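Undergrad: Residue numbers (numbering that gives the first Met the number 0), protein chains in the order written: chain Y, 0 to 358; chain Z, 0 to 358; chain B, 0 to 358; chain H, 0 to 358.
There could be a bad hint or two in this list.
Taking lysine-lysine and the DSS-like style, the derived pairs with C-alpha atoms no more than 27 Å apart in a straight line are [claimed, not checked]:
id, chain 1, residue 1, chain 2, residue 2
1, H, K7, H, K115
2, B, K317, H, K257
3, B, K214, B, K354
4, Y, K20, H, K20
Over the 10 Å line for every Cβ pair with chain B, so calculated as not near, a few chain Y residues [claimed, not checked]:
id, residue
5, R63
6, S176
7, I192
8, K354
To give an idea of the chain H side of the interface with chain Y (calculated C-beta under 10 Å), a few residues [as the list claims (entries may be wrong)]:
id, residue
9, S1
10, Y119
11, K199
Calculated from the structure, these hints are not laboratory results. If you're wondering where the values come from, they're calculated on a predicted model, not measured in any experiment. Glycine included, each C-beta is placed from N, C-alpha and C at the ideal position.
There are 4 protein chains.
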Amino acid sequence: MSGNSFGKMLVLTTFGESHGKAVGGILDGFPSNILIDLDFLQTELNRRRTGQLLFSSARKEDDRIEILSGIFEGKSTGAPIAFLAHNIDHKPEDYAQLRDTYRPSHADFTYEQKYKIRDYRGGGRSSARETLARVAGGAFAKQFLSIKGISVTAYVKQIGQYSLPNNFILHELSGISKSEIGCPHPETELKIIDHLKEIKSKGDTVGGIISCIIKGVPVGLGEPVFDKIQADLAKAMLSINAAHGFEYGSGFAGAAMKGSENNDLFVQKDGKIVTATNSSGGIQGGISNGNDIEFNVAFKPVPTLMMDQESVNTKGEKVVLKGKGRHDVCVVPRAMVIVEAMAALVIADHVLRWKQWEG
Amino acid sequence: MSGNSFGKMLVLTTFGESHGKAVGGILDGFPSNILIDLDFLQTELNRRRTGQLLFSSARKEDDRIEILSGIFEGKSTGAPIAFLAHNIDHKPEDYAQLRDTYRPSHADFTYEQKYKIRDYRGGGRSSARETLARVAGGAFAKQFLSIKGISVTAYVKQIGQYSLPNNFILHELSGISKSEIGCPHPETELKIIDHLKEIKSKGDTVGGIISCIIKGVPVGLGEPVFDKIQADLAKAMLSINAAHGFEYGSGFAGAAMKGSENNDLFVQKDGKIVTATNSSGGIQGGISNGNDIEFNVAFKPVPTLMMDQESVNTKGEKVVLKGKGRHDVCVVPRAMVIVEAMAALVIADHVLRWKQWEG
Amino acid sequence: MSGNSFGKMLVLTTFGESHGKAVGGILDGFPSNILIDLDFLQTELNRRRTGQLLFSSARKEDDRIEILSGIFEGKSTGAPIAFLAHNIDHKPEDYAQLRDTYRPSHADFTYEQKYKIRDYRGGGRSSARETLARVAGGAFAKQFLSIKGISVTAYVKQIGQYSLPNNFILHELSGISKSEIGCPHPETELKIIDHLKEIKSKGDTVGGIISCIIKGVPVGLGEPVFDKIQADLAKAMLSINAAHGFEYGSGFAGAAMKGSENNDLFVQKDGKIVTATNSSGGIQGGISNGNDIEFNVAFKPVPTLMMDQESVNTKGEKVVLKGKGRHDVCVVPRAMVIVEAMAALVIADHVLRWKQWEG
Amino acid sequence: MSGNSFGKMLVLTTFGESHGKAVGGILDGFPSNILIDLDFLQTELNRRRTGQLLFSSARKEDDRIEILSGIFEGKSTGAPIAFLAHNIDHKPEDYAQLRDTYRPSHADFTYEQKYKIRDYRGGGRSSARETLARVAGGAFAKQFLSIKGISVTAYVKQIGQYSLPNNFILHELSGISKSEIGCPHPETELKIIDHLKEIKSKGDTVGGIISCIIKGVPVGLGEPVFDKIQADLAKAMLSINAAHGFEYGSGFAGAAMKGSENNDLFVQKDGKIVTATNSSGGIQGGISNGNDIEFNVAFKPVPTLMMDQESVNTKGEKVVLKGKGRHDVCVVPRAMVIVEAMAALVIADHVLRWKQWEG
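For reference, chain Y alone in the conformation it holds in the complex (with noise of 0.2 Å):
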């Protein structure tokens, strides 16, 4: 039972190495007579494409999508949705030096020391090209949430030390899609960029936070007591390579609040239901409230720096590692796609699995 799928209904299996033929999935459970829009899903991969921004790695994939199966005349079918993206990219030898060693905070040495087997190539099963997968089948989820008008969009929050202001609201989602790095607020962005052009002058890398907001979400979404939708959600982004933390609602700065601060009062509104502010983040007992699910998920620096570092070969002798190779600065503004991505599995999921309640 090794860890390649997830969800329920709709699950998700992954595959592929960084360097081996191909990566790709099986999505199934995939409801049937969808018209799918197999350029929406070239768009979402490109979005997390290598070589696009400044700050990304060099690496050139074109990432072309195929379909297998599950897709007939336009349509799903309900059969299981494989899908695959060749490697064209090869540049083994840049690898070499990496088959006797451990980058530091890799996964090269628990992969070694778990499998007694390693394909070290660009880290092999453990790269972050295996998102690439997920980024497809979020692409299929968001098109099936789109028709029951769900939304999930990610945008940059935070950059090294530099952050969107406490008193910031996303008013409009279009800011995001303005900026270059996915930072809704212009004065933050340059901030931003001009800090990730300083770090990569140094050859170093720094890390950032995502904000995610979920729109258009029923009243009705997670199961208690232990698939509650921020227990999945939680699930979902620490999965992702380099994800350090996950939030919900007031999450962090929550621990200082008191429960008259926090609490979040229901009022009626046009008729229905709703609470007056948002602190428990559109969730209350783990079921979606009717309100925007929003959280936030913190990544760590890239790891592969372009500097020298000290390390271990694999007999534990010390070594050199030089920087290079292609890396990203900042995974933050290629991984908003990936986290869009594994949120739009999680609702897609959980509105399958709702139906088992309903009426």
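Put chains Z, B and H on the given structure of chain Y with help from the hints.
TA: Chains Z, B and H alone, transformed into the frame defined by chain Y:
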């Protein structure tokens, strides 16, 4: 597929409502032939019991656990272990006002919308009383882990705005149990106790943060790519009532760090490959690396206040909720054993899953 | 991941040993807001109870079921339904000789080898007493199916060499309940009763075949390719103690048939597309086609005999097992309600899974 | 939660339609560091390939398998193994008449009713071409089992009314591969071949029974109470297209037997506790007892005939289906490798599950 089961190899399924006949669970997949210390089980349950601390709810329950199966002549048999505690301190009349009312930041509204029926007595299934079964399940898991040399320990990191000093290092676990509230830094403990008294006197509540440290973990636990050990811990923690955030290793603070600061360099020590620092919180690529696993969980303030609050009834009409009943000022002191229990269940599950990959 | 849970949307987890404190289970995923008839539940349990028939074991158990959770004011709430029956007729001394002995064709040997420990009292977990929890779970499932217009009915097809005539057609289900042993053909019934008396007089036992018919099934249940409805029924039936075979539709007899004989031709009838025959047993491509689902389950003779048998003890030394204790001459009459229960659980599970694909 | 995955520790997920781009699958949980013989894989696939035998369909497919992931330098890495075979012999025009028609005893009608859309080309997902992925998955499982000393072998027991003699004992497995149709009794083989020729000349088809024997199974596989090894085998077998029955050990014949005839007495032999007979088919209480596991699977006749058949179109109007296309006279010769593959997947899954209980 409702969400009342947790784990893949070691599966805990819980049942029971706050004021039903009993709460309990079935633990399935527990290894056979393990000596079970029922006193330890009871001691763990006492740690979460109400009415213990000045700052906890006054509900009196013996929480006397009864084992129904799976143990024979003092040892586990490999059969499912069923257990329960009868509910004895029923005061359903305390909850009469809840029949037609939605408490702020509680699950009343969402449960009723989802299931079209609600056991309104004390929150029914959404009550924290359900966590009794988690603590029992966790106590079994701890006994199994103990044989493997693994320990799980939670402590108070923050309550309200009072937090352990930034440079605090937990040198000895014994400091935790000496504190009435589980805070290993006496100065901070005193501030917190004063703060809790003040909050209580106002009928208000307050949030906090629990830290957890898992010692003795072997290299190799965790199943990439979705069942990374941090992903399963995150899910476990966010499934606890009132938990609003999870972070491990450098966590949210890591967002502001550079790669060159955050990376854990490999070194050889006593003939073993280890890391010089532990920004990774004991996990790399989703797999334990042999270091302590360290994480934090943020809890919101308890939503039930001993003061009047505005809300609406099931018709959407304004009502005022009176502050009465029996409730905690802060969930954190009682939640420590719940955090430990859920962490122990995750680790034990992964110890059993790991067997698949061993030699 | 031991195997004490059954189902995907509607999950029954059972616990309990033959001579432990109690047997019971948790039924999770049961739809909310359904009126529960506890008398029906008890009636179903009485159908499997020992000591009822001339030919059944004389163990006296009230099998009085107690519901611990999930029902509020007479209706299901969507929370897990926990239930149990205490074991009252303990006679562990009857089983003292089993401590160091392996009974022929029982699970004593395999349990001890697998778990390295065995609750030897009456077979412990391997006892048919565990099926009490299945019957209770099935009784809930039947109540849900009843609302959907679906009924599940088992009857005796064969005991020993006495079988319903080949050309027998079950015109009215009521014929079954009129028979003491559940055989709807009076002539066959008489022969069987005589045969059972004779077998009993010799201290021997005998096998049989149960037929089951499921009426009112809508078109569309079953999830290709692995969770075909016949696959899930087969698993359910072969999980019952002593079951040794499963067939549906034309079954084993179909092996000798030609396609031109066996095919079910589609015809239009009353404006609906139906099949002229039902060699497919109501299932095509793993999905129900609207016809009655029909299948047979073969049971081996009860292995516990009232005569001496040779065996070995745990050291491998020859011993003679005395025929004593309380046991059935034939499992079939009591197994009918178990077959129905397991079938009802499968069908209810698929009704809930089917919701994923509905409009 | 659709049903395209099989297994719990070792999980095979399949994809692909008869005339889509490709069929294939992902095998997840396969142990790492195992040398993989790709030639064996191809040989197994050739055993199920069409166009091999006189009596099989004339569809020509290379069934050339391509491995996309999970194998590195000839060994499994513990990562998911993705594989596929492209569909090359498309003749969709053969299937034009199926667009608006329901073939008798096929899945056309039920798929269309369930999913509201149907890939009508050659049965789409319901085609036996899907079993290619099962055979590939099974070939991996066999390589793992081989290391454990376990072999899985199927043979023809019956085709039409021609069956192995009742007293037939399979002394040597080699007899099977010497037979063109996998029948280890030359006299029966000749009768069957004559029968198949006659059936073919009439454009008709015929059913049959496959026996399977699993050798080298250790004591201890199988997870009571629901995941008994016979229960998982039954599900596996009934999930194969056209399978209509499963029995193990004394099976349906056991229904007519007495306990004193059917019981397997324990004896000591060469210092080991074994049973004198094997009516239990190698399984007691759902757990393997060290004997050969033996079971039979009944297959209905292929429903596609080379003769005219009446049916209805999607409007319910009468139509006549012409017998054309490429189809088998009898599924049994090609189904042997599928039976073996599914059995190997079940046994390998339980070998991995068993590790939970080992020392």
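Undergrad: Compare the structure with each hint and give your call.
TA: Checked hints:
no., hint, verdict
1, H:K7 with H:K115, "30 Å, violated"
2, B:K317 with H:K257, "23 Å, holds"
3, B:K214 with B:K354, "19 Å, holds"
4, Y:K20 with H:K20, "18 Å, holds"
5, R63, "29 Å, holds"
6, S176, "33 Å, holds"
7, I192, "45 Å, holds"
8, K354, "4 Å, violated"
9, S1, "5 Å, holds"
10, Y119, "9 Å, holds"
11, K199, "32 Å, violated"
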